[in-house]
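Visitor: Its first residue numbered 641, the sequence shown is counted upward by one per residue in my numbering.
Calculated directly from the structure, the hints in this document are not laboratory data. Warning: the hint list may mix true and false statements.
Unchecked claim - Pairs of lysine-lysine residues, derived as DSS-like cross-links and limited to a Cα-Cα distance of at most 30 Å, are as follows:
no.	residue 1	residue 2
1	K686	K755
2	K755	K666
3	K755	K682
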Amino acid sequence: MSTFIVVTIFYDVVLHLNYSSVAFYKNVYNILAILILPYFGKLISKIDQRRFSIISIASLLFYIIFVMITEYFPAYFILFDLKLYYLLIIAVIFHAFFAATMSLSWSIGSAYFCKNEEAGVYQSVHLSITGLRGLYFSRYWCGTLRKVRIYFQ
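Input sequences plus hints: build the corresponding full structure.
Guide: Now the structure itself:
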């Protein structure tokens with residue numbers, strides 16, 4: 641989530657994408673994630689949850705790497721007023737892998753490490769701690785962004 645706004649700024653400032661192109665990249669990864677979700681649903685039942693999480697984190701890493709490399713290899717073509725970077729298309733595919741695998745890990749990851757009868761308790765603790773983290777870090781980020789904005793003005 642923290643990379644979402646930074647990547648959007650990168651699209652605008654560095655790659656000079658118009659609104660249609662930014663919307664294209666943001667929507668395509670969601671559509672791809674929905675399409676590949678059933679495949680990863682089958683895969684998560686066959687492999688260990690920790691190994692499955694490696695796929696998720698690795699795909700996020702490759703997404704960020706390919707977005708960064710796009711600045712140095714800016715080859716693109718224009719289709720219907722959309723500026724399509726070759727490496728950014730690869731990055732979007734990795735982002736779709738991340739979205740699909742992370743949603744599955746998020747939903748059943750905490751229940752994997754407990755007995756069947758304790759799954760509800762584990763999930764409720766998981767969601768409560770996530771809520772506290774969201775409450776704390778939203779205030780933290782607002783304060784940090786305020787300081788950064790003052791610094792750059």
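Visitor: Given the hint that K686 pairs with K755, test it: the Cα-Cα distance must not exceed 30 Å.
Guide: 18 Å, holds
Visitor: Do the alpha carbons of K755 and K682 lie within 30 Å of each other, as the hint requires?
Guide: 21 Å, holds
Visitor: Hinted pair, alpha-carbon criterion (30 Å max): K755, K666. Please report holds or violated.
Guide: 38 Å, violated
Hint violations for this structure: number 2 only, all remaining hints satisfied.
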